[in-house]
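Novice: In order, the protein sequences belong to chains A and B.
With the working numbering applied, the first sequence covers 1 to 90.
With the working numbering applied, the second sequence covers 91 to 358.
Where hints are given, some of them may not hold.
In silico lysine to aspartate or glutamate, DMTMM-like type, Cα no more than 20 Å apart, as pairs [claimed, not checked]:
| id | chain 1 | residue 1 | chain 2 | residue 2 |
| --- | --- | --- | --- | --- |
| 1 | A | Lys2 | B | Glu301 |
| 2 | B | Lys246 | B | Asp221 |
| 3 | A | Lys6 | B | Asp332 |
| 4 | A | Lys6 | B | Glu296 |
| 5 | A | Lys20 | B | Asp293 |
| 6 | A | Lys2 | B | Asp337 |
| 7 | B | Lys167 | A | Glu71 |
| 8 | A | Lys2 | B | Glu296 |
| 9 | B | Lys267 | A | Asp56 |
| 10 | A | Lys46 | B | Asp293 |
| 11 | A | Lys2 | B | Glu334 |
| 12 | A | Lys6 | B | Glu299 |
Keep in mind that the hints were calculated from the coordinates and are not lab data.
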Amino acid sequence: MKPNEKQNSVELYFMEVRAKLIDIAAFMDRVERDGLTEDFRYQAFKEAMDALDSDDRAENVLLSLSDRTSELIPAATTKAACGAWPDKPQ
Amino acid sequence: MRYIEPHAHMVSRTTDDYLAMVTAGCKAVCEPAFWAGFDRSSAHGFYDYFCQLTDYEPKRAAKFGLPHFSWLCINPKEAEDLKLADEVIALIPEFLGRDNVLGIGEIGLNKNSRNEMTVLEKHVNLAAENDQLILVHTPHLEDKFKGTKLIVDMIKSDSRIDPGKVLIDHVEEHTAKYVMDAGFWGGLTLYPESKCTSARAIDILESCEAERLWMNSACDWGVSVPLAVPYAAQEMRRRGYDDETIDKVFFKNPVKFLSQCANFTVRG
Ligand SMILES: [Zn+2]
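All chains, full assembly: derive it from the sequences and hints.
Specialist: Printed below as a string of C-alpha cells:
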C-alpha cells in the first residue's frame with residue numbers, strides 16, 4: 001500500500017524520534033548512575049542496539065529481545081512478560 | 091470517517107468511551123473474551139461473563155447506537171488448569187447460537203506452555219466442529235515471536251480450518267510476514283508501549299498485504315486508548331493517504347473478514 005501524496009518522513013517524524021533518542025540517552029545515564037547496568041533487561045537493551053546497524057532495524061530489535069527457542073515450556077510460572085528474554089544465552 | 095473497532099474489551103470501559111467512539115465514527119465494536127486481570131475461581135464465573143458478553147454489554151452499547159459483537163473462549167492466561175478449561179469450553183456451545191457471537195476468541199498462547207497449547211487445540215477443534223471464525227491472541231513481548239510461530243504452525247496443520255477465517259492478532263514487524271504468508275488475516279494492535287504505535291502499524295500496512303490486516307485498540311482495564319483506531323486513521327491522513335484508502339483499511343477490510351460470520355451486519 002502506498003500513500004496518494006507521499007510525505008517527507010523526516011519532516012513528519014524527526015522531532016518525535018529526536019525526543020525519544022534523548023530519552024534513551026538519559027535512561028542509559030540514569031541506569032549507569034544507579035549502578036544497574038548488570039540487569040539482564042539493560043544488557044538485552046544494549047545488545048538490541050546492535051540491530052540499528054542492520055537493514056530491517058525494527059524487526060531485528062524485536063528479534064534480539066525475543067525468546068528464539070521453539071519448544072513449549074513445561075508450565076507457565078508467571079502470566080507476565082518483561083520485554084527481554086531472561087534465559088538468553090550470553 | 092467510519093470505522094470498525096474489531097477488538098475492544100468494553101466491559102472494562104465507561105459510557106464516556108462509548109460516546110467518544112460513536113462520535114469518532116465507530117459503526118460496530120467486537121469484544122473478545124479475555125482475562126479479567128485476576129483468575130476466575132470457577133466455570134460459573136465464565137458462565138456469567140459469557141452472559142455479560144452476549145446479553146448485557148450489547149444492550150449497553152445499543153444505548154449509544156453501537157452494534158456490539160462478541161467472541162467466546164477461556165483466555166490462555168487461565169489455561170494451566172486443564173479441568174477448569176474443559177469445564178469452560180463445555181459451556182461455549184450453548185452460547186454460539188446467540189445472535190451477537192462471531193466465533194471463538196481470543197484464544198492462543200501466553201507463555202508458550204504445554205497446557206496452553208492443549209487448550210488452544212481444544213478451542214480450534216470447537217471452532218472446526220461448529221464452523222466458527224477464530225480470533226487468536228499472540229503472546230506479549232519476548233514471548234511473541236516463538237508463540238506466533240507455534241500458533242501458526244498448529245492451526246495450519248489442521249486441514250479443517252480455512253486460514254481465511256482466522257485472524258491472528260497483535261502482529262508486529264517480526265511476526266506479520268509469517269502470519270500473512272500462511273494465508274491468515276493479521277491484526278495490528280495500537281498500544282503506546284507494548285505493541286504498535288500508529289506510525290509502525292502504517293509501516294507494516296505498507297510492507298505487508300494490507301487487504302488482510304486490520305487495526306484495533308484492544309482497549310481494556312489496562313493502559314490503552316479507546317480511540318486509538320481513529321487516531322491511526324488521522325496518522326494515515328498525515329502520511330498522505332486519501333479518504334478512500336482510509337475507508338478500506340478501517341471499515342471495508344474488517345467488514346470483509348467479519349461478514350464471513352452470518353451474525354455480523356453493519357450499516358455504513
Ligand atoms: Zn484482547
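Novice: For every hint, state whether the structure bears it out.
Specialist: So, going through the hints one by one against the coordinates:
1. A:Lys2 x B:Glu301: Holds, at roughly 13 Å.
2. B:Lys246 x B:Asp221: Roughly 16 Å separates the two Cα atoms, so the pair holds.
3. A:Lys6 x B:Asp332: holds (11 Å)
4. A:Lys6 x B:Glu296: holds (12 Å)
5. A:Lys20 x B:Asp293: Judged against 20 Å, a Cα distance of about 18 Å means the pair holds.
6. A:Lys2 x B:Asp337: holds (14 Å)
7. B:Lys167 x A:Glu71: Holds - the C-alpha atoms of A:Glu71 and B:Lys167 are around 18 Å apart, at most 20 Å.
8. A:Lys2 x B:Glu296: At roughly 6 Å apart (the allowed maximum being 20 Å), B:Glu296 and A:Lys2 satisfy the hint.
9. B:Lys267 x A:Asp56: Holds: B:Lys267 and A:Asp56 sit about 13 Å apart, inside 20 Å.
10. A:Lys46 x B:Asp293: violated (24 Å)
11. A:Lys2 x B:Glu334: Satisfied, since the Cα-Cα distance of roughly 13 Å is no more than 20 Å.
12. A:Lys6 x B:Glu299: holds (19 Å)
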